[in-house]
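Listed below, chain by chain, are the residues.
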Amino acid sequence: MRNTWIIAKRELQERLRQRGFWAMLLLGPLLVLLLLGLFLKAADQGKTDINVLIVDPGQLLEHRVLSQQEKSVHYYFIDDYLEINEFRDAKAYQQFDVMLELNEKVLNNKKVFVFFRDQASLDTRMQLKFQVERRMEELLAAQFTKLSVEAFRSIKQGFIFDFRDVYDPKNEAKDAQLWAGFAIGSFVFLFIGIFGMGILRATVREKSNRIVEVLISAVEPQQLMRGKLVGIGLAALLQFSAWIFLLVCGFWIFRSFVFPDLLDPSHWQGMQALHINPLSDLVFEDLPYGWILLHFVPFFLATYFFYGALFSVIGARSTAESDGQQFVIPLLLLLTFSVASGIVYILYPASTFSELLRYLPFSSAMIAMIDLCKGLTLSQYANLLLSFVVLMASSFVLLRLAARSYRKHILTF
Amino acid sequence: MIRIESLSKSFQQQLVLDAVSMHIPAGQIFGLLGPNGAGKTTLIRIINQMLPANDGQIYLNGQALQKKHLSEIGYLPEERGLYKNMRVGEQLLFFAQLRGFSRPDALLKVRYWLDRFDIRDWEHKRLAALSKGMAQKIQFIAALVHDPSILILDEPLSGFDPVNVDLIMNEMKALKAQGKTIILSTHNMKSVDEICDRAALLHQGKKIAEDSVWNLRDAHDKGQIIVRFKGHMLGFANALWTDFELLEQHEISEGRFECVLGIRGQQRVNDLMRALQDKVEVERIEKRLPSMQEVFIDSISGKEGNHA
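Same order as they appear, the protein sequences are chains A and B.
So the first sequence is numbered by the working numbering: it starts at 2 and just counts up by one.
So the second sequence is numbered by the working numbering: it starts at 24 and just counts up by one.
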């Protein structure tokens, strides 16, 4: 164990000395943040001229919103209940982009459902929310208090505007969460690919310059392999942790300075702007980061050791780096399969193959990340734990087999 | 003391070592000789426990060789290899720690050896910045930085200039004086003549000779004597009569000759001295033993002749 740690420490130090390591550590998160910024910006694009049908069976708004309403949002009223399916399918309602539902409970639960056909721009959605909310404040102040509207506004409890897709009114699809899980899973395999190649190169280099002969005279080949895996794995984990830290900092900067509208009500005349941009919802609100991170580390490490063992064996069997690059092609295909398995799982979650993917050690980390982002029931969580046990056991067995092969081939030049 | 008993090793049905037995006494320099492909490196790797033997056993001080003995062995492989981007000091520290030293003890040892080779100012240099010869010195230190009682040196002199060859040879003698056992695998027969106490000769996986260096040379004695004298060549030749054969003669200066004689029958050097006593002025006379180079060639060609 001591020798394994000495070798691991050397491998870690070697990577920490490489400029490429630090470049990737800093530039990687910056690139992710840049892309995320572009996506956030893109998510604010959408229709700017919308027709809103306000379903107001209690006639709370008295067919009026605000007098200074913007021309880009056109309001129409219906004084009866309207089913969401009817709004979605009936020809008479196709001219409306949005259905805003004010049922009789709205004054108590302060919850307003807004169903949209196409995503409206952030600006338009903000206007809609602002104008409807102001009108309701007027009514509430007049009906239930003797306060002025301004005084009431300063003490009132805000309304929650729940924006939903008319085609997914119960918000069941959770597509965004699934793809977020896919993105995290893809990062796992991206890191394993990059650092796995590091294991392969380090092994081949030690063979080709014959340091391995000195090393093997002092330590067991298995210790050498394990040390290399642990050292490079620590470097990968360190880089991943740094990415998470930098991304969290980046998110904070985004919310505070770059996209303040996503958080700060003062930018929209006192309105709560939460739950407006679905991507910002996803990034800042919906993902259970702590929960994901808690499971991410063990899944990442177990998958890393699983693939790392394969990379080590290829390195031990190769006599030159070019050899290794040839042998590694099937392994890279396997990594690609692991990433593709995430897409299969999202598109066909109920298929037998998807169920199988959950337990295959090649793909279980990807499926786990998707499941964790989506949210799990107790029985689904039990399946996730079981898939982790299978992954651990597979990694353990593969490490032992790899060590035997490593021992056999490391001294063949 | 290392005792090797009937050690055999084969790779994919090719026998590389065939029931090799040897006795390597403690505190001596033992030459492991043989042409390329004789099985020397395989034997060294088995002693280093890098490879398992198919058959046979190795004993170290009476105990069967085990993993725990690795810390007592230092190894300099023929193909040198170090981490090019590591600094000299940390590289030596790394190897010493792998052999069981704590970091502070390893640091003391590293500095001792850097001082001993007068290269302390290389401690913070990267290997990539050193010449081949300088890197060879670091590799040599890496093999003995953990103070092993047994050193296995595979071609330790290759790549060194004459000054550094002398340095390494002296270092080996000093290590022997400290009681270390050294197994020296080399093609440099001059070094075997000069520093080895005992040697074994491997050929095609078999041991064909093993003894002290002097006994090996004696065994290949061709009965030749070197004589240097002042006087007349004719008088010298007459004095030889029929008991000695004049094989070579060189006039090394005016009236001074050096000759190589072959002995006929049961004659000895003493008989030659008596015969020359009144004929020429003898300056030097000695029995000409074959060098290890000749022993090596004789043994190998003899074996190959037998095979033919």
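Since the hints were made in silico from the structure, they are not lab data.
Don't take each hint at face value.
What the hints assert, rightly or not - Once the Cα atoms are required to be at most 30 Å apart in a straight line, the calculated BS3-like pairs of lysine-lysine come out as: (1) A:Lys10 / B:Lys132; (2) A:Lys10 / B:Lys90; (3) A:Lys106 / A:Lys157; (4) B:Lys229 / B:Lys203; (5) A:Lys10 / B:Lys107; (6) B:Lys213 / A:Lys10; (7) B:Lys107 / B:Lys132; (8) A:Lys111 / A:Lys147; (9) B:Lys196 / B:Lys229; (10) A:Lys10 / B:Lys302; (11) B:Lys91 / B:Lys196; (12) B:Lys196 / B:Lys213; (13) B:Lys253 / B:Lys302; (14) B:Lys91 / A:Lys409; (15) B:Lys107 / B:Lys90; (16) B:Lys213 / B:Lys199; (17) B:Lys148 / A:Lys10; (18) A:Lys112 / A:Lys92; (19) B:Lys199 / A:Lys409; (20) B:Lys245 / B:Lys229; (21) A:Lys375 / A:Lys112; (22) B:Lys199 / B:Lys229; (23) B:Lys310 / A:Lys409; (24) B:Lys148 / B:Lys132; (25) B:Lys107 / B:Lys148; (26) B:Lys90 / B:Lys196; (27) B:Lys203 / B:Lys213; (28) A:Lys409 / B:Lys132; (29) B:Lys229 / B:Lys132; (30) B:Lys155 / B:Lys196.
As the list claims (entries may be wrong) - Chain A residues, not near chain B, derived (Cβ > 10 Å throughout): (31) Asp90; (32) Lys106; (33) Ile330; (34) Ala341.
Keep in mind it's a predicted model, so treat the numbers as computed, not measured.
Idealized CB from N, CA, C, for every residue including glycine.
These are the hints, each one checked on the structure:
Distance hint between lysine 10 of chain A and lysine 132 of chain B is fulfilled; the C-alpha atoms sit about 21 Å from each other, no more than 30 Å. Proximity of lysine 10 of chain A to lysine 90 of chain B is assessed by CA-CA distance (about 23 Å); at most 30 Å being required, the pair is judged to hold. Annotation: proposed proximity of lysine 106 of chain A to lysine 157 of chain A holds, straight-line Cα distance about 17 Å (limit 30 Å). Proposed proximity of lysine 229 of chain B and lysine 203 of chain B is supported: the alpha carbons are some 27 Å apart, at most 30 Å.
With a C-alpha separation of about 17 Å, the suggested pair lysine 10 of chain A and lysine 107 of chain B falls inside the 30 Å cut-off, and the hint holds. A hinted pair counts as satisfied when its Cα atoms are at most 30 Å apart, and lysine 213 of chain B with lysine 10 of chain A does not qualify at roughly 43 Å. A threshold of 30 Å between alpha carbons decides the hint, and for lysine 107 of chain B with lysine 132 of chain B the separation of about 21 Å falls inside it, so the pair holds. For the hint pairing lysine 111 of chain A with lysine 147 of chain A, the CA-to-CA distance comes to about 20 Å; that is within 30 Å, so the pair holds.
The suggested pairing of lysine 196 of chain B with lysine 229 of chain B holds, with an alpha-carbon distance near 29 Å, which does not exceed 30 Å. Restraint check for lysine 10 of chain A and lysine 302 of chain B: not satisfied, since their Cα atoms lie roughly 78 Å apart, outside the 30 Å limit. Simply put, lysine 91 of chain B and lysine 196 of chain B have alpha-carbon atoms about 27 Å apart, close enough for the 30 Å limit, and the pair holds. Between the alpha carbons of lysine 196 of chain B and lysine 213 of chain B the distance comes to roughly 15 Å, so the proposed pair stays at or under 30 Å and holds.
For the suggested pair lysine 253 of chain B and lysine 302 of chain B, the alpha carbons sit about 10 Å apart, so the restraint of at most 30 Å is met. Between the alpha carbons of lysine 91 of chain B and lysine 409 of chain A the distance comes to roughly 21 Å, so the proposed pair stays at or under 30 Å and holds. With a CA separation close to 29 Å, the supplied pair lysine 107 of chain B and lysine 90 of chain B stays within the 30 Å bound. Simply put, lysine 213 of chain B and lysine 199 of chain B have alpha-carbon atoms about 18 Å apart, close enough for the 30 Å limit, and the pair holds.
A hinted pair counts as satisfied when its Cα atoms are at most 30 Å apart, and lysine 148 of chain B with lysine 10 of chain A qualifies at roughly 20 Å. For the proposed pair lysine 112 of chain A and lysine 92 of chain A, the alpha carbon gap of about 28 Å is at most 30 Å, so the pair holds. For the given pair, lysine 199 of chain B sits about 35 Å from lysine 409 of chain A by alpha-carbon distance, which is inconsistent with the 30 Å threshold. Between lysine 245 of chain B and lysine 229 of chain B the alpha-carbon distance is near 25 Å, which keeps this suggested pair within the 30 Å criterion.
For the hint linking lysine 375 of chain A to lysine 112 of chain A, the alpha-carbon distance of about 24 Å falls within 30 Å, and the restraint holds. At most 30 Å may separate the alpha-carbon atoms for a hinted pair to count; lysine 199 of chain B and lysine 229 of chain B meet this at roughly 27 Å. With a C-alpha separation of about 52 Å, the suggested pairing of lysine 310 of chain B with lysine 409 of chain A is violated against the 30 Å cut-off. Simply put, lysine 148 of chain B and lysine 132 of chain B have alpha-carbon atoms about 18 Å apart, close enough for the 30 Å limit, and the pair holds.
For the suggested pair lysine 107 of chain B and lysine 148 of chain B, the alpha carbons sit about 10 Å apart, so the restraint of at most 30 Å is met. Simply put, lysine 90 of chain B and lysine 196 of chain B have alpha-carbon atoms about 28 Å apart, close enough for the 30 Å limit, and the pair holds. With a C-alpha separation of about 21 Å, the suggested pair lysine 203 of chain B and lysine 213 of chain B falls inside the 30 Å cut-off, and the hint holds. Under the criterion of a C-alpha separation no larger than 30 Å, the hint pairing lysine 409 of chain A with lysine 132 of chain B is inconsistent with the structure, at around 33 Å.
For the given pair, lysine 229 of chain B sits about 39 Å from lysine 132 of chain B by alpha-carbon distance, which is inconsistent with the 30 Å threshold. A C-alpha spacing of about 23 Å is found between lysine 155 of chain B and lysine 196 of chain B, which places the hinted pair at or below 30 Å, so the restraint holds. With a least CB separation of 68 Å from chain B, aspartate 90 of chain A remains clear of the 10 Å interface cut-off, as annotated. No beta-carbon of chain B is positioned within 10 Å of the beta-carbon of lysine 106 of chain A; the least distance is around 69 Å.
At the 10 Å boundary, the C-beta of isoleucine 330 of chain A stays outside the reach of chain B, the nearest C-beta of that chain being 27 Å off. At roughly 37 Å, the least C-beta separation between alanine 341 of chain A and chain B is larger than 10 Å, which holds for a residue marked as non-interface.
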